[in-house]
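One letter stands for each residue in the lines below.
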Amino acid sequence: MSAVVATKKRRRRLRHDWAWMAAFVVPAALLVVAVQFYPLLFSAYLSTQDWTLTSSQSSEGFVGLQNFAKVLRNDVFQRAVRNSALITGTAVVLEMILGTGLAYLAVGSSRIIRAVRTLLILPLVIAPVAAGTLWRMMLNSQMGLTNYLLGFLGIQGPDWLGNADWALVSVIIVDVWMTTPFVLLVVLAGLSSIPDELHESAALDGASRWKSFIYIDVPLMAPLLLLTFLFRMLESLLSLDSIYTLTLGGPGYATFTMTYYIYTLGLRSFNLGMAAAASWLFMSFATLALLMVFWLQRRWQTAQ
Amino acid sequence: MSGGSFTKVIQRSLRLLALAIACLVVLVPLGYLLLNSVKPQNEMYTIPPIIFPSHITFEHFEAAFNNPRTLRFLTNSLTVTGITTAVTVVVSTMAAYGLSRMGLRASVLSLIVFVFLFIRFYPRITTVIPYFLVMRQLALLDTVWAVIIGHLGITIPFVTWLMLIVFQDLPREVEEAAEVDGASPLQRFGLVALPMAAPGVASAAILTAFLSWNEFLIASSVTKRQAQVLSIAVASFVTDRGVQWGPMAAMAVIMIVPMILFALFVQRYLIRGITLGAVKG
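Chains B and H, in that order, give the protein sequences. Position 178, counted from 1, in the first sequence is what the numbering used here calls 178; the numbers after and before it change by one each time, with no gaps. Position 115, counted from 1, in the second sequence is what the numbering used here calls 115; the numbers after and before it change by one each time, with no gaps.
This is chain B alone, in the form it adopts within the complex:
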């Protein structure tokens, strides 16, 4: 009886409340429009303009899609796309494997395991610029710790940051070092949501640890793992800070990624038109990946 009254009363108050709730949303909405949507539209406009800030204080006119054509034909852009695909592809796969493996090893509530977990997530809170700086010293071929330690194993370490191929490997190492803990945390959270009874009854039926991983954990966590993979892929593609302090895109253009290429185009050469065009090419790809993330989340939520 009182429930019915409450429902009625809520309905009656709803319209009055709506104004209040909308007022709560307004400040955030204004800020998002001013700082996100307006610059986005501005950037779409810039992509059609011939404007290099170092030679002119205002745009030198509409050039249609010429900026896009110039970017697509640019050697450095093509190399940056390849580098991005290589770095992100390799790094994210390694992070998923290592993060999932470590999560399984780090399950538990004993003191040692808890302390281990605390240590393992430290790279997540370190500024990427500082992580890049730190690995710049670690990977110095002559004076760095990495090659010094490899020397004890009788291995002559490579010229990590000076050789084009090894520089790409270095960027991957730093990405893996920084963000494997993220995968670890998400998988740990996913594991804790799987009921223990499932594993117990599987063990009673004689299933090995490996079998219960393949037949219980993987299917149950598949949406989460896929989502984590996509999150990591997007974040890795967008990362700039650690590459900036680790290699500055070098040697030469060896570690130019899409983000780094757009950064130098826009904020070093101040070619605003081309930078905006490159951004929108990059954006169309990121949006596709995002739509996938979104679709997965919805599907997963309705499945639960």
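None of these hints come from the bench; they were simulated from the model. Where is the CB? At the ideal position from N, CA and C, for every residue including glycine. Mixed in with the good hints, there may be bad ones.
Said to hold, decoys possible - Per label pair, the in silico range of CB-to-CB distance:
hint	chain 1	residue 1	chain 2	residue 2	range
1	H	G31	B	A19	56 to 62 Å
2	B	D165	H	A106	47 to 53 Å
3	H	F262	B	D165	36 to 42 Å
4	B	Y215	H	R72	57 to 63 Å
Take the given structure of chain B and dock chain H to it, following the hints.
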């Protein structure tokens, strides 16, 4: 000892060994950074390298703090992080509460969630240049406000999204009871919903602080001298001609050690915040 428990002991040792290696991979680079920040200049560039310094020196830290610019980097970083966090938490918590209690249709709400996701993951570099031009127009270039507003543009949608998840998970009964008792919308928000959402608010605030403190791209694009923050100070050593490992390591330590200590202190909230977005969505 039976065969079964023997393999168990082996398994346990292997597990601890693997975890120990993982911990070393995390700790050794951090330890190396610390050692370099207290290593005397003449032991820095030897081949083969001297890993453990013969004595500990604080000359790099002294040099850093004798430079008035370092103090400015530090106060700018603190100002930017403090204001960004405070404004984000207030504005986003209110917005998330409003969105979750407006009775929006599910399709509208998922569209809004998509916008939040989009803002979090589209290539930030796209808006950095237009943002730079806008700040130039407003004569805000090289002020902390340009950095703060830029950070708010990232943190407000992100935290609103997180808090939306938190508020949607809260039981409505208490709020409905308060409503029947005549509580105004403001009272229901401040006195009923907010205390229940407090752990979520703490996670959101902590994540915002880390994001703002560590951010580099926006800060580097809208500042020149006056408003530079620690991330730029750390990055600036890269372009210097000579190798300056001591000062570079000291500056990195100044930037990351407070955050590591903070992270240890608030670990539980931090982890909850990091996993919330990924697990719940």
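Comparing the hints with the structure gives:
no.: 1; hint: G31/H <-> A19/B: 56 to 62 Å; in the structure: holds, 57 Å
no.: 2; hint: D165/B <-> A106/H: 47 to 53 Å; in the structure: holds, 50 Å
no.: 3; hint: F262/H <-> D165/B: 36 to 42 Å; in the structure: holds, 38 Å
no.: 4; hint: Y215/B <-> R72/H: 57 to 63 Å; in the structure: holds, 59 Å
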